[in-house]
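Chemist: Top line first, the protein sequences correspond to chains A and B.
Each step along the first sequence adds one to the number in the working numbering, with nothing skipped, and position 217 is 217.
Each step along the second sequence adds one to the number in the working numbering, with nothing skipped, and position 113 is 113.
Take these hints with a grain of salt, some might be off.
[What the hints assert, rightly or not] Residues on chain A that point at chain B, a partial pick, calculated with CB under 8 Å:
#1 ALA71
#2 PHE74
#3 ASN75
#4 GLU76
#5 ILE178
#6 ALA204
#7 HIS208
#8 THR211
#9 ARG215
#10 GLU261
#11 GLY263
#12 SER309
#13 ASP310
#14 VAL314
#15 VAL317
#16 ILE318
I should point out that these hints are in silico values taken from the structure, not numbers from a laboratory.
Virtual Cβ for every residue (Gly too), placed ideally from N, Cα, C.
There are 2 protein chains.
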Amino acid sequence: MSRKATVSAPSNIAFIKYWGARDLDRAIPTNASLSMTLDICRTTTTVEVLDEAGADAIQIKSDDGALTPAAGAFNERFTAHLGRLREHLGFTGRIQAATHNTFPSDAGIASSASGFTALAYAVSAAFDRVDSPEEMSIRARLSGSGSAARSTFGGYVTWPSDPHNPESPAAQHAGPHIDLRDVIALVQHGPKDVSSLEGHRRAATSPHFATRQERLPERTRRVSAALTSGDFAAFTEALEEEAIELHLVAMSSTPPILYWEPGTLEVIHRVRQLRTRDGVPCAFTMDAGANVHVICPPTSEDAVAAAVSDLPSVHGVIRDRVGSGPRHETEHLF
Amino acid sequence: MSRKATVSAPSNIAFIKYWGARDLDRAIPTNASLSMTLDICRTTTTVEVLDEAGADAIQIKSDDGALTPAAGAFNERFTAHLGRLREHLGFTGRIQAATHNTFPSDAGIASSASGFTALAYAVSAAFDRVDSPEEMSIRARLSGSGSAARSTFGGYVTWPSDPHNPESPAAQHAGPHIDLRDVIALVQHGPKDVSSLEGHRRAATSPHFATRQERLPERTRRVSAALTSGDFAAFTEALEEEAIELHLVAMSSTPPILYWEPGTLEVIHRVRQLRTRDGVPCAFTMDAGANVHVICPPTSEDAVAAAVSDLPSVHGVIRDRVGSGPRHETEHLF
């Protein structure tokens, strides 16, 4: 049995968003979601198992290699995930872990998907218990982060919502051979005001939530079909409709949640202009935050990156692409 | 019979918005609306009747006094309104008119409410046919601009939507003794991309339009009650809910309409911060455009004006207040 393991896991960007839960503690979603697994935005986590009593300890590794003990809400959620993994896998022993993100942690890129997936894999790897991506999807979701359930597969991933099988894992919808790019325009400064967890809690208070539920299956079919057929115009229409609707529901919740920043609209208007005036295929989407993910075919990537980089509110751009899921790393973080 | 008359008429800001029509040509609204008549933002119009054949002629008077013939869509709508007034009042004679706005015409402040109300009054005055504000509301609405129906009263004005009496005029809900201010933050450059008329046309294509219709009566009652009782916190909640919902419907129409600019969100976030962090009562609303109207009690006006003036995207601020309706002017524009 290996006692130390390091795994890196990707983040993902949802084309159809998880927003609202039947059971928030267990991350049982009200609706099915569909995402693209990213390649560059990843979390790397090293886990070491010590056969001794004591509390688990988690450290965060910065870009310059410094290790800092995790604190606050992050530490609590991480520790809680470790506790549930311990119960699920039936292991004993004290865990030392360290974790590192490839993307700026204060930039408003959701790190819970990659972070909790990497932890589930690293712990499982340390006990030689890495299983199928379906089983790993369930373990990642034990964190309470629903989007983590989708990061155990590469390519394009669906995560169903089936009241009769509430614990259903995610599944791969299409492989990474469908080459889409994600130019992430960073416009958010600092962490968002309202957490996604709190957003899920408020979702059903929106008077527009029910209409959203009714329309999601049809919209999900349109996104799936457009991905498979390569009809980027149809994809664009469905993707942007969904991105806007997620925020409509958030903004009409009680109390209202306004994730958008001025820069969000600056990027949105630029994307619409790029497409309609300059004929560059590209489509915007936003997670529960202010940053804008511009999804595009490879031939548009340079033009999109150049256009959004020039905007005054954009303080950084990450050029990402569809990726291939979690992987073992040979170099440990400590 | 006087042959020349000058009237100025106010614009208004809707607290509950007119959005969607049973009959767009006749401006028969799908829902009742409620507005505050403004004091400073006005249109002054002079009409002269000539007993001769020939086409009507409309000129626009600029701030420096220059008169320019009206052109394009503005001229068409103005001329069409004159034609309907002619039919409604049964008059003959060629009309010469000139019109002037107190507010920058390119700033995204709706000038149709004040403009068409002023025209209806000026023509009626030239024929000594000025009638009750109710009858004048019907004449102003002949323009096809629904919001004009609300500018014939001072104070706070309701415009009903009654399928059995589709032509119902507006009525005063409360007088201008309820002293509210409107600090208008100008963030829009140039005219908006999609006209309000086109917005009304698309409104019912939004999947969220039906839910909006269901909820409007209750929200209207909340705004009315809060106005009367002076409960500004309750007013704020209902006003902002409505402002956001109007734009939710626009953004989820087919094709989507995004009136918001980056500056819209900059002002919205500042207003929320002013209220929650600095304890300054104030509430935002937007018409079908990017500019933000910050409604507040008189004691908040200075703080609001100072705060929004400092924002980088705000290129101008108009400090307006509840006003008292159209009035005859002794000085003609030509």
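Chemist: Indicate, hint by hint, whether the structure satisfies it.
Modeler: How the hints compare with the structure:
1. ALA71: Because about 25 Å separates ALA71(A) from the closest Cβ in chain B, which is outside the 8 Å limit, the hint is violated.
2. PHE74: violated (25 Å)
3. ASN75: violated (28 Å)
4. GLU76: Where the cut-off is 8 Å and the nearest Cβ of chain B is about 26 Å from GLU76(A), the hint is violated.
5. ILE178: violated (26 Å)
6. ALA204: violated (14 Å)
7. HIS208: It holds, given that the least Cβ distance between HIS208(A) and chain B is near 5 Å, below 8 Å.
8. THR211: holds (5 Å)
9. ARG215: At 6 Å from the nearest chain B Cβ, ARG215(A) passes the 8 Å test, so the hint holds.
10. GLU261: It holds, given that the least Cβ distance between GLU261(A) and chain B is near 6 Å, below 8 Å.
11. GLY263: holds (7 Å)
12. SER309: violated (16 Å)
13. ASP310: Constraint on ASP310(A) not satisfied, violated at 14 Å.
14. VAL314: violated (11 Å)
15. VAL317: At 17 Å from the nearest chain B Cβ, VAL317(A) fails the 8 Å test, so the hint is violated.
16. ILE318: With a minimum Cβ separation of about 21 Å from chain B (threshold 8 Å), the hint on ILE318(A) is violated.
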